[in-house]
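**Q** Chain residues, written in single-letter form:
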Amino acid sequence: MKKTLSILAAGVMAASLMAGAAVTAYADDITIWVAEEVTDFTKEKANEFLSSNPDFSGFSVSVEPVGEGDAAKNVLTDVEGSADLYGFAQDQLARLVSAQALTPLMGDNAAFVSENNDAGAVSAASMGDMIFAYPLTSDNGYFLYYDSSVVTDPTSLDQILADCEAAGKGFYMEINSGWYQTAFFFGAGCSLSYETDEMGNFTSCNVDYASENGVKALKAIIALAESPAFHNGSSASNAANCAAIVSGTWDSSVVKDMFGDNYACAKLPSFTVDGEAIQMSGFGGFKLMGVKPQVDADKLAACQALAQYLSGEEVQLARYNAKGWGPSNLNAQADDAVKSDVALSALAEQLAYAIPQGQYPNDYWSLATSLGDSVISGDYKDASDETLMSALQSFQDSCISYAK
Amino acid sequence: MEEKKSIGSRIGAFFRWIGRDLADIGITFARGDWKTRISFLVVGLGQILRGQYVRGISVLCLAAAMLFYIFGFGLSYLKDILTLGTQGRGFNPDGTISLGDNSFLILLYGILTIIVILALVLVWRINLRQNREAQELLAQGKALPSNRKDLYSVLDRNFDKTLLALPVLGIFVFTVLPIIFMICVAFTNYDYNHQAPAKLFTWVGLENFRNIFSIGGEGYGGTFFTVLAWTLIWAFFATFLNYFLGMAVAIMINKKGIRFKKLWRTILVMTIAVPQFVSLLYIGKMFASDGLVNAYLLKWGLIQKAIPFWTNPTYARILIIVINLWIGIPYMMLIATGLLMNIPEDLYESARIDGANSFQMFFKITLPYMLFVTGPFLLTQFIGNLNNFNVIFLLNQGRPQSMNLKGGAGYTDLLVTWLYKMTINDTDYKMAAVIGIMVFIVTAVISLVVYNFLPSVKDEEGFQ
Numbered sequence: 001m002k003k004t005l006s007i008l009a010a011g012v013m014a015a016s017l018m019a020g021a022a023v024t025a026y027a028d029d030i031t032i033w034v035a036e037e038v039t040d041f042t043k044e045k046a047n048e049f050l051s052s053n054p055d056f057s058g059f060s061v062s063v064e065p066v067g068e069g070d071a072a073k074n075v076l077t078d079v080e081g082s083a084d085l086y087g088f089a090q091d092q093l094a095r096l097v098s099a100q101a102l103t104p105l106m107g108d109n110a111a112f113v114s115e116n117n118d119a120g121a122v123s124a125a126s127m128g129d130m131i132f133a134y135p136l137t138s139d140n141g142y143f144l145y146y147d148s149s150v151v152t153d154p155t156s157l158d159q160i161l162a163d164c165e166a167a168g169k170g171f172y173m174e175i176n177s178g179w180y181q182t183a184f185f186f187g188a189g190c191s192l193s194y195e196t197d198e199m200g201n202f203t204s205c206n207v208d209y210a211s212e213n214g215v216k217a218l219k220a221i222i223a224l225a226e227s228p229a230f231h232n233g234s235s236a237s238n239a240a241n242c243a244a245i246v247s248g249t250w251d252s253s254v255v256k257d258m259f260g261d262n263y264a265c266a267k268l269p270s271f272t273v274d275g276e277a278i279q280m281s282g283f284g285g286f287k288l289m290g291v292k293p294q295v296d297a298d299k300l301a302a303c304q305a306l307a308q309y310l311s312g313e314e315v316q317l318a319r320y321n322a323k324g325w326g327p328s329n330l331n332a333q334a335d336d337a338v339k340s341d342v343a344l345s346a347l348a349e350q351l352a353y354a355i356p357q358g359q360y361p362n363d364y365w366s367l368a369t370s371l372g373d374s375v376i377s378g379d380y381k382d383a384s385d386e387t388l389m390s391a392l393q394s395f396q397d398s399c400i401s402y403a404k
Numbered sequence: 001m002e003e004k005k006s007i008g009s010r011i012g013a014f015f016r017w018i019g020r021d022l023a024d025i026g027i028t029f030a031r032g033d034w035k036t037r038i039s040f041l042v043v044g045l046g047q048i049l050r051g052q053y054v055r056g057i058s059v060l061c062l063a064a065a066m067l068f069y070i071f072g073f074g075l076s077y078l079k080d081i082l083t084l085g086t087q088g089r090g091f092n093p094d095g096t097i098s099l100g101d102n103s104f105l106i107l108l109y110g111i112l113t114i115i116v117i118l119a120l121v122l123v124w125r126i127n128l129r130q131n132r133e134a135q136e137l138l139a140q141g142k143a144l145p146s147n148r149k150d151l152y153s154v155l156d157r158n159f160d161k162t163l164l165a166l167p168v169l170g171i172f173v174f175t176v177l178p179i180i181f182m183i184c185v186a187f188t189n190y191d192y193n194h195q196a197p198a199k200l201f202t203w204v205g206l207e208n209f210r211n212i213f214s215i216g217g218e219g220y221g222g223t224f225f226t227v228l229a230w231t232l233i234w235a236f237f238a239t240f241l242n243y244f245l246g247m248a249v250a251i252m253i254n255k256k257g258i259r260f261k262k263l264w265r266t267i268l269v270m271t272i273a274v275p276q277f278v279s280l281l282y283i284g285k286m287f288a289s290d291g292l293v294n295a296y297l298l299k300w301g302l303i304q305k306a307i308p309f310w311t312n313p314t315y316a317r318i319l320i321i322v323i324n325l326w327i328g329i330p331y332m333m334l335i336a337t338g339l340l341m342n343i344p345e346d347l348y349e350s351a352r353i354d355g356a357n358s359f360q361m362f363f364k365i366t367l368p369y370m371l372f373v374t375g376p377f378l379l380t381q382f383i384g385n386l387n388n389f390n391v392i393f394l395l396n397q398g399r400p401q402s403m404n405l406k407g408g409a410g411y412t413d414l415l416v417t418w419l420y421k422m423t424i425n426d427t428d429y430k431m432a433a434v435i436g437i438m439v440f441i442v443t444a445v446i447s448l449v450v451y452n453f454l455p456s457v458k459d460e461e462g463f464q
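Chains as they are written, first to last, in the numbering used here: chain A, 1 to 404; chain B, 1 to 464.
In short, the hints are calculated from the structure, not lab data. We treat Cβ as the ideally placed atom computed from N, Cα and C, and that holds for glycine. Hints should not be assumed to be uniformly reliable.
[As the list claims (entries may be wrong)] No farther apart than 20 Å at their CA atoms in a straight line, the calculated lysine to any residue pairs in the SDA-like style are these:
1) Lys285/B to Pro228/A
2) Lys255/B to Gln397/B
3) Lys299/B to Lys73/A
4) Lys73/A to Gln397/B
5) Lys299/B to Val150/A
[Unchecked claim] Sample of chain B residues facing chain A (criterion: CB under 10 Å; computed from the structure):
6) Phe91
7) Thr96
8) Ile97
9) Tyr192
10) Pro197
11) Gly219
12) Ala295
13) Ser402
14) Asp426
15) Thr427
[As the list claims (entries may be wrong)] A few chain B positions that, by computed beta-carbon distances, are all more than 12 Å from chain A:
16) Arg10
17) Asp94
18) Glu136
19) Leu163
20) Leu169
21) Ile303
22) Thr337
23) Leu405
Can you make the complete structure from the sequences, with help from the hints?
**A** So, in structure tokens, the structure goes:
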């Protein structure tokens, strides 16, 4: 215990001890955390902004590479010591708002976000009626990548599996993730969403997984897990024997290398339960940039202006051209280069079936992994409808218990 | 019963000691001259008045620094320690934030302040003792130790204290204080919904302990006992299988007539040369559903469908133990090789003359000797395996999880990896702290009980 406790506590303590210093020490320096691949890009753009805006000449920026997932974790461990601006995936918004790690946007700032971005991105940046962050991308969804020499019909899951089995290749989908699982449940007509208040608390849960539709979806997941071609995973670089994979735009270059000339993308397939074909749904997701709460009003203004610039049309388009991040800005989306991207158009096609991802309590993701792992371990192999229903009932009860 | 009695008598002795000490303080005051008595109020003044400037000024400075900390900083946190803060933080209309109470810092600095107050009492007591000694020396007509002698004593008679000062301070700040802090967290509701500095957390008494032992419903009991059972099973197999198989390999290589002894040893030691985390990561990958092992079995037509090595709880547990053998056997072989060569050859010779076969010789000579020598080593191995974070986490992160387990635990999670997941993934500090205390209890009980049964402890002279 000694060792683990002390590591744990020393970390938390060191973080909090630094907290006091961090608020005051570098008052003129705006720190930014973004994903590693756009670090240099962001640094260049932020400096361009500062040099063209003499109002903020007293400020300087330092950009550090911190991935979107880590950023939220680091911020939550130590709000005061974190960066002034940071990029994060929108599923972390509720956690961050409830830890008061984001400055709510008001007046012109809120209007800027709601007027310039697509509706899904705006709702993803909101809690209650309040907007908390600036959308950076509208590409955090998933769709199907496939090898066109193996897969003959990318619209049917059964056909994809049959083709993969025949070729001795794998179909990859991370069904023990709460993010990918919803492709089945939402497709079958179930819903799972949470109401939140402006403090980031979850007030109520709308869920109907314990229903006929839920059982259909779970049956489809179980059937998928039983296929010899199935592998649980969503990272293309870890997929060893892959003919089709459900993943997002961030994997496009890896998949392109893997499939070569046979590289192809499509919306997600439909699955068949009891003779009924159901189109897969899923989450549409977004990357956001948030502003840390500031004690100093001048610095807050500088941070807001910089975040607006980094999430505006010009920079979003530049970021697409440089790094392939799909824009959330409406004007940038209308650009010809963006429209002709294969992966982005498959995603756009899928987003028509997808549900803009709202806020989910952190426990939901753990719970969904448990459900997926239970399916993969064969807990529900040949299970009766009643067994499945009771499993879904307990899942649903747990989901509801997270909102209080 | 004997254990209990001794604890009882120790507690009694403690209170008697406090009583004696209080009486001693009274006597010091009653018999003290005015210089001693004034030191009750101003620490160190008596020493200074008697010309013992070094002693006087050092205790005076210490006490002053502590008082400065307590009144200048500590008390503002200590006053809230019963509630851990009442004033939340909020946003102002202009978008800036006004900071409220920080439960985390209140708890941390509150504890620190209590410790400083205790230390202050200690300094005050030391100061009284110095006064009394000085007064008694003077009454006997002897001279007081000079200031120069006092100064030199930190390099001479008190050199141990000088040397230990820094390490003790470090251990206090980085180990003792965090442990006290984390034990306290187990009695609060510090979790995702009560995260400092944005939200306040507060004391909840034994609520978290009730949760960890309550089975059924939303309680963590079922999960806790599943994880605890696997932790013990894992530690048992990981320790003893490695031990006996490592010893067996060493005996085989040591056997007379085996050729290329050095070659075999070198091959086994090669596994040590590759860093453990590298080999664990790639072996974990090899057994994945699309990994090398499954790919070849499928290719050769031995199986029709990938074997769920990591996703089936039973397979995963067995595989982890087996892979751990591969890491552990070479180490054990090295240790056993050295020890086996130390067993006096004449023991075997006389056994052979008496007509013992090799099994009898192993169980009557080799094994007792090995157990005697490696008993404490086995115990530390067992305790180490209870907390063997690396192997579990690098191989499969404690997966598979299940709907039957709460709190994100998986079937191959040890208590310590579950604790890690709780803190990092679920920010559930309160339950993690409880698990931490449980890990301590389990390891402490096992260590104490087993230690007292070790042959090398019970019978120190055994193989002399």
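**Q** I'd like to know which numbered hints this structure contradicts. Please list them from smallest to largest.
**A** 2, 3, 11, 17, 21, 23
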